[in-house]
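J.: Sequence:
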Amino acid sequence: MLDLTFFRGKRVLVTGHTGFKGSWLCRILVKAGAEVTGYALTPPTDPSLFEFCGLNDQMNSVIGDIRDLEHLRRVFARTQPEIVIHLAAQPIVRDSYKDPLYTYETNVMGTVHILECVRQNDCVVSFLNVTTDKVYENREWEWGYRETDPLDGYDPYSNSKSCSELVTHSYQNSFFQDGRCAISTARAGNVIGGGDFANDRIIPDCIRAAQKGEAIVVRNPHSTRPYQHVLEPLSAYLRIVQAQYEDKTKAGYYNVGPDDGDCLTTGNLVTLFCEAWGEGLTWINRHDGGPHEAGFLKLDCSRIRQRLGWRPRWDAAQAIEKTVSWSKAYLRGENKMDQQIEEFFGKE
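Numbering (this note's numbering), first residue to last: 542 to 889.
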């Protein structure tokens, strides 16, 4: 189990804190007693998990654009973070086809900006850049990609994240060989969980259909993805930044994904959702002729298991059950975030 007491009193900066993963991560850190600063645009969805959970009153929330280097520099100078977790990104594949320029500006130059601030501030001891499982050159093969496999994302989102990895590697080699700051990247699979209100993601689409009493429309039911509950990669991110804070030899490039048995087709995932939701919910296959998306994607997570001892806790069925439970509570006006954090990490 991850010892969250490590973060008590630590100064932590999280970019992208108003998003889905960022909101869950900041709530974990706040509960752990960290001094949390967030840097992000206003919440990207309406409704917003960040606003629903009242995080604005629980942490130092700074609204800013990761493309604004001077503003970011001022935030670093004022808050002097020890740990930086970089989540800020344009994260939607289909949106990257609509606006590739913004996607590259945010995902590539945003990474340059955050690393430039880390380079210029000796206070930072541990830095993690969160990318994606889609950074690899996808050959549609049956086995999981390893951290040593070639990077070459296909679409603008995936490719911009490949570039973000290369930027991180270059900064690490060029400016941090003295060991003053440990640098890592984490390549996570598809996440699900309560409070995700994004467009063009399968579980939010399922919940919106369930609310309306309509059949769920699934556009790529045969695509295979490494689905996991949002708390799984967040626990891995926290383990990485803690491990390399204490021992800089633990820094590196890490895949973060579920066990092989939980690499499901989207159709199987939606079937699990329908069973967990009940109420006669069903789904239909309706391909909409959209842009290219990978058909098969799986990660080999041996490195993080062997080097850091991280392993997933909840399988796909449990992840779906937790998501449905959270979502039904939300529709009743209840917040199960703290309860599920305690179920996952154990009570403080």
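I should point out that these hints are in silico values taken from the structure, not numbers from a laboratory.
Just so you know, not all the hints are guaranteed correct.
Unchecked claim - Under the rule of at most 35 Å between Cα atoms (straight-line distance), these lysine-lysine pairs were calculated in the DSBU-like manner:
id : residue 1 : residue 2
1  : K789      : K639
2  : K551      : K753
3  : K789      : K869
4  : K572      : K839
5  : K551      : K639
6  : K639      : K791
7  : K551      : K572
J.: So, for every hint listed, does it hold in this structure?
T.: Do the hints match the structure? See the list:
1. K789 x K639: With a Cα-Cα distance of about 40 Å, the restraint between K789 and K639 is violated, given a limit of 35 Å.
2. K551 x K753: Violated: K551 and K753 sit about 44 Å apart, past 35 Å.
3. K789 x K869: 43 Å, violated
4. K572 x K839: Cα-Cα ~32 Å, so holds.
5. K551 x K639: Violated: K551 and K639 sit about 39 Å apart, past 35 Å.
6. K639 x K791: Not OK: K639 and K791 at ~38 Å, beyond 35 Å, violated.
7. K551 x K572: OK: K551 and K572 at ~12 Å, within 35 Å.
In this structure, the earlier hints numbered 1, 2, 3, 5 and 6 are contradicted, and the remaining ones agree with it.
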